[in-house]
Amino acid sequence: MGHSITVTVNGEKKTAEVEPRLLLVHFLREKLRLTGTHIGCDTTHCGACTVLVEGTPVKSCTMLAVQADGQQVTTVEALAAGGTLHPIQAAFKQEHGLQCGFCTPGMMLTSIALLQEKPDPTEDDIRWALSGNICRCTGYMNIVKAVKSAAVQMKTAAATPEAATAAARS
Amino acid sequence: MLPAPFEYHAAKSMDEALGLLDTLGEDAKILAGGQSLIPLLKLRFASPAHLVDINGIKELDFIEEGDGTLRIGPLFRHKAAERSSLLASRYHVMADAAPQIADPIIRNRGTIAGSVAHADPSGDWGTVLLALDAELVLRSKSGSRTVKARDFFSGPFSTVLEPTEVLSEIRIPAAKPQTGGAYLKLERKVGDFATVAVAVHLQMDGGKVGSAGIGLTAVGPQNIKAEQAEAALRGARLDDATIKEAAALAADAAEPKADHRGSVAYKRNVVRVFTERGLKRAYERARGGG
Chain A
0 MGHSITVTVN GEKKTAEVEP RLLLVHFLRE KLRLTGTHIG CDTTHCGACT VLVEGTPVKS
60 CTMLAVQADG QQVTTVEALA AGGTLHPIQA AFKQEHGLQC GFCTPGMMLT SIALLQEKPD
120 PTEDDIRWAL SGNICRCTGY MNIVKAVKSA AVQMKTAAAT PEAATAAARS
Chain B
0 MLPAPFEYHA AKSMDEALGL LDTLGEDAKI LAGGQSLIPL LKLRFASPAH LVDINGIKEL
60 DFIEEGDGTL RIGPLFRHKA AERSSLLASR YHVMADAAPQ IADPIIRNRG TIAGSVAHAD
120 PSGDWGTVLL ALDAELVLRS KSGSRTVKAR DFFSGPFSTV LEPTEVLSEI RIPAAKPQTG
180 GAYLKLERKV GDFATVAVAV HLQMDGGKVG SAGIGLTAVG PQNIKAEQAE AALRGARLDD
240 ATIKEAAALA ADAAEPKADH RGSVAYKRNV VRVFTERGLK RAYERARGGG
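Chains as they are written, first to last, in numbering that gives the first Met the number 0: chain A, 0 to 169; chain B, 0 to 289.
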């Protein structure tokens, strides 16, 4: 039996009829065609499918779409709204924080949640926060560098009003 | 991967959830954090006809201490345990275990009670509750009963929980002064199940051990309470000889199986070493250190 759900995805209310067994990741990719959220392992290990639910990183392959009813979901597609890269995206580009790019959306969303909680993380904080996101290319060194660099950028941005607006958008 | 089809019920209250379980019986499963259940559904190791989601019942997310008891609700998540200053200051074995559960993203959703009810022999919280001598409140539509953690587990992924019951509360004896604990876990990588883990909870009474709790993870068909080691510690001075004896008894209590994580002898030895280290760390903490 279908359930009607309304989920606020990247700021827009989306209403759909879904089967209870539909996973959040399939709702995002197949119903909404937001394919930036990747399916890596399908077994709750890799973190490629990480999205923010009410601002908290969640493996979207391990949550039912019906459970997101009435909630806010943020995917990688929201980051460069307006065509300007989010500081975390700019930092991943600048620091070569990606090789094949498959894990990158999950890495970036987990990083954003970390930086909102700890704007000035240590290397340990970053490694700890990202320990549920696996990079098959093993590009961890540059991923950590990118998150550090984004932290600096976002702090600097927060000090100037127009940039603060851009950072707050995330 | 898609789970087999099921009906979904978002319960608004515990009474509603219990009513649904009463009607649906074995066809229904409670969905809390879902971090073990949803993978099982996807792999089709489980295919219940009905899921009763309790995530909307916000009052089930609680931790409170009073009247000599620490009470934890069914929606209290690993992440909240990891950040709890109450656990960090007085329930060290829980504070140690919390950040070692799975990985940070899973900890955002998974719950302690869900993990305990799942009863994976490699699960960490059951072991911690055995060391703490916790009680579990099992509630159904027709009433509730309380069982000791040691009587709760009945085998791999098996407990005495009836299909119509919910694990509605975890009760832990409130930490007395001079209490310390530790949880030591060996894992090959973040997010892997434990190769071996040991939980220690120690309450000192002057210069002697008042009571000691020791739990073992991943070295038997269920989480194990090392009762002979606990008995050897009770009333004893915690010198090196006592620690060695208790660690040897804990290693004897383990029933490990050889697998890709290690041989029987290796795992048993890790139990011994971790019990020694855990007792020393717990003792330090009971004395106000580390």
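Don't read these hints as lab results, they were simulated from the structure. Hints are not guaranteed to be accurate.
What the hints assert, rightly or not - DSS-like, lysine-lysine: derived pairs with alpha carbons at most 30 angstroms apart: (1) B:175 with A:92; (2) B:256 with A:30; (3) A:144 with B:188; (4) B:184 with A:117; (5) B:11 with A:30; (6) A:13 with B:256; (7) A:117 with B:57; (8) A:13 with B:41; (9) B:11 with A:13; (10) B:207 with B:256; (11) B:256 with B:188; (12) A:12 with B:147; (13) A:12 with B:41; (14) A:147 with B:175.
To be verified - To give an idea of the interface, some chain B residues facing chain A are shown, with a C-beta separation under 8 angstroms as derived from the structure: (15) 2; (16) 4; (17) 6; (18) 103; (19) 185; (20) 186; (21) 189; (22) 192.
Note that this is a predicted model, so its numbers are computed, not measured. Just so you know, even glycine gets a beta-carbon here, dropped at the ideal spot from N, CA and C.
The hints, checked one at a time:
1. B:175 with A:92: Not satisfied, since the Cα-Cα distance of roughly 53 angstroms exceeds 30 angstroms.
2. B:256 with A:30: Not OK: residue 256 of chain B and residue 30 of chain A at ~45 angstroms, beyond 30 angstroms, violated.
3. A:144 with B:188: holds (22 angstroms)
4. B:184 with A:117: At roughly 27 angstroms apart (the allowed maximum being 30 angstroms), residue 117 of chain A and residue 184 of chain B satisfy the hint.
5. B:11 with A:30: Roughly 27 angstroms between the alpha carbons, so the hint for residue 11 of chain B and residue 30 of chain A holds.
6. A:13 with B:256: With Cα atoms ~50 angstroms apart, residue 13 of chain A and residue 256 of chain B exceed 30 angstroms; violated.
7. A:117 with B:57: holds (26 angstroms)
8. A:13 with B:41: Since the Cα atoms of residue 13 of chain A and residue 41 of chain B sit roughly 25 angstroms apart, the hinted pair holds (cutoff 30 angstroms).
9. B:11 with A:13: holds (23 angstroms)
10. B:207 with B:256: violated (35 angstroms)
11. B:256 with B:188: holds (20 angstroms)
12. A:12 with B:147: The given pair, whose Cα atoms are some 47 angstroms apart, is violated under the 30 angstroms limit.
13. A:12 with B:41: holds (28 angstroms)
14. A:147 with B:175: violated (43 angstroms)
15. 2: Holds - the Cβ of residue 2 of chain B comes within 8 angstroms of chain A, reaching about 4 angstroms at its closest.
16. 4: holds (6 angstroms)
17. 6: holds (7 angstroms)
18. 103: Holds. Min distance 5 angstroms.
19. 185: Violated, about 16 angstroms.
20. 186: Where the cut-off is 8 angstroms and the nearest Cβ of chain A is about 11 angstroms from residue 186 of chain B, the hint is violated.
21. 189: holds (4 angstroms)
22. 192: Violated. Min distance 11 angstroms.
In this structure, the earlier hints numbered 1, 2, 6, 10, 12, 14, 19, 20 and 22 are contradicted, and the remaining ones agree with it.
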